[in-house]
Every structure is written in structure tokens, then in C-alpha cells.
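For reference, the chains in residue letters:
There are 2 protein chains.
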Amino acid sequence: MKERLQELQETFYTEIPITYYLGVIVQDYNGNCLTLKAALEKNINHKDTAFAGSLNALVTLAGWGLLWLILKEQELKANIVIQDSRISYLKPVTTHFSAKCYLPESSQISHFVSILSKRGKARLELYLEVWEAGALAVAFQGRYVAVLKNTRIGE
Amino acid sequence: MKERLQELQETFYTEIPITYYLGVIVQDYNGNCLTLKAALEKNINHKDTAFAGSLNALVTLAGWGLLWLILKEQELKANIVIQDSRISYLKPVTTHFSAKCYLPESSQISHFVSILSKRGKARLELYLEVWEAGALAVAFQGRYVAVLKNTRIGE
Numbered sequence: 394m395k396e397r398l399q400e401l402q403e404t405f406y407t408e409i410p411i412t413y414y415l416g417v418i419v420q421d422y423n424g425n426c427l428t429l430k431a432a433l434e435k436n437i438n439h440k441d442t443a444f445a446g447s448l449n450a451l452v453t454l455a456g457w458g459l460l461w462l463i464l465k466e467q468e469l470k471a472n473i474v475i476q477d478s479r480i481s482y483l484k485p486v487t488t489h490f491s492a493k494c495y496l497p498e499s500s501q502i503s504h505f506v507s508i509l510s511k512r513g514k515a516r517l518e519l520y521l522e523v524w525e526a527g528a529l530a531v532a533f534q535g536r537y538v539a540v541l542k543n544t545r546i547g548e
Numbered sequence: 394m395k396e397r398l399q400e401l402q403e404t405f406y407t408e409i410p411i412t413y414y415l416g417v418i419v420q421d422y423n424g425n426c427l428t429l430k431a432a433l434e435k436n437i438n439h440k441d442t443a444f445a446g447s448l449n450a451l452v453t454l455a456g457w458g459l460l461w462l463i464l465k466e467q468e469l470k471a472n473i474v475i476q477d478s479r480i481s482y483l484k485p486v487t488t489h490f491s492a493k494c495y496l497p498e499s500s501q502i503s504h505f506v507s508i509l510s511k512r513g514k515a516r517l518e519l520y521l522e523v524w525e526a527g528a529l530a531v532a533f534q535g536r537y538v539a540v541l542k543n544t545r546i547g548e
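Protein chains in written order, with our numbering: chain A, 394 to 548; chain B, 394 to 548.
Bear in mind the hints are in silico, worked out from the structure with no lab data behind them.
Worth double-checking, as some hints may not be accurate.
Any copy, or any two copies together, can satisfy a pair, since identical chains are not distinguished.
Calculated pairs, DSS-like style, for lysine-lysine (alpha carbon to alpha carbon, straight line, at most 30 Å) [unchecked claim]:
no.	residue 1	residue 2
1	Lys542	Lys395
2	Lys430	Lys511
3	Lys511	Lys484
4	Lys511	Lys435
These numbers come from a predicted model, not from an experiment.
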């Protein structure tokens, strides 16, 4: 898994260069939850808290990264994009911050993989959080779409 | 207005340094719509389109910027934060991109200013768009909160 997380880190930096300036770090995947982190000083705003756009970028990437890990696990090659999202900024983030994306239930993943294999395209809803000092600071819900590479879409 | 837009540009770069790396440019305000732009190459992803996190950051900032202009116009000094937002990525953005934030109806602005003056805190819902080649590429809805500086909040 360590090598796979290293590959995800390199994928971010080479394929989405702004992630370098955001200071996005792939921190951990424990089989149930992917954690990305970023340094406050790279994403600070006028109130010495994390800029909302940076928080949104980190959670968007953590969802993308979890789906990337799921596809790797399934040995499926697909492009991943985000279709829509909602975010609530519940409290200011005043330190380095981490975005956590939990694996959906296995039945949801099976359904997603089945649809993707049959139709070449499938959607997955992911929920993400940023916590600080024991309190939920950011709640995010994103709908991602995977499209198999070299496949004609039938829908 | 030219000087005020220059001040907004400097506010972004000095108070939210990541906006420099995102290449955020305050392009225009015509009295009805604030336009911010950003270069594709600074925000590109693996599909040679704009990274969703960058699009979200630009629209988030354009809403913030419009509210900043409204407050300047009203000669009110307040901190502005975003409370929550929704975004739909409707089509890929393949060139330099602009976020447009239209002024709400004057009755909404009057209500917002009245509440802010009375209570020291008020919310405003803003709608933003990114268009490309005559088609809507990104639709965004954000709820912003302004809190008067040096005021005790009564709510």
C-alpha cells in the first residue's frame, strides 16, 4: 500500500500541478479511510485560518484519491471527474488540516464496479470531513464519475 | 472603480497568498457583474482541463469579491466568510476561465445591509457561473456571512 500511496502522491503532483502549491500530502490509507493533509501556511487567509477554496480543493482531491484507490484495487483503468458537490464550512480551521474520505459500504462499491464494467461509466457519492480539535470543521459530499479508458459509452 | 478593483486584487494576493499561484486576476466590474479570471496552465489537470478545485476556488473568491465591493460601496467594514456552497461541474473547461458573480436584486442588498447594520452580522446568497464557448460550464451557489468589525454580535 505504501507504494500505491506514493504513486497517488506523484499522480497529484504531475497531473494536477497546483496540488504542489497547495502542499497536498497523501498521509495515510488504513483500508477504510484515505487521509490527505495540507499545511496551513500555504493556504492561509486574512483571518489566519485556512482559505475555503483550499479546504474545498483538499476534500475534492481526497474523494478523487479514494476512487483512484478503489479502481486500482479492482484493476480498472478509468478517468475520474467530479460532477457536483456540496460543502459546509462549520468552523474556522486554524492549524494544518487533514481531509478524510471513508470507504463506502461494500455493497455500494460492488454496485459501482458492476455498473462501470457493464456500461463503461458509473457514479459514486462520497462523504468527506475535515476535523479540528475534536470538532467537525468541514462537511463535504461529492458525486464522482468514472469512465473506463478506451471504452465507448453506451448511455 | 479601477482603483477599487486594484485594491481587491492586492487584497487577494496579500491576504490569501494561494491566489497568486492560482493566477487569480480581477478582470472587470461593470456595476452589475464582477468577473475574475485565471489561466488554464496554472490550474490544469491530467485531462488538460481546469482542475475542479481551482474552478471552485475562483468562484468562491468571485462571490467574496462581490460582497467586498458591496461593503465598500456601503462604507461598511466587515469580515466576510463563506458558510456553505453547492457546485455543479457541467462541462470540462478547456481554456482560460472566468467566474462571473452578478449583483443580487437591490431589495436583497438593502435587506442584507439593514440586517448587518442592526445586528452586526448578515448572510447573502450569491450565484456564480463559469461559461465557455457559449455554454454554462460551472454553476455555483454560495452563502456568505459578513460580520462587522469591532462589533459585538447580538444574535
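Are any of the numbered hints broken by this structure? If so, which, sorted upward? Hints 2 and 4 not satisfied by this model.
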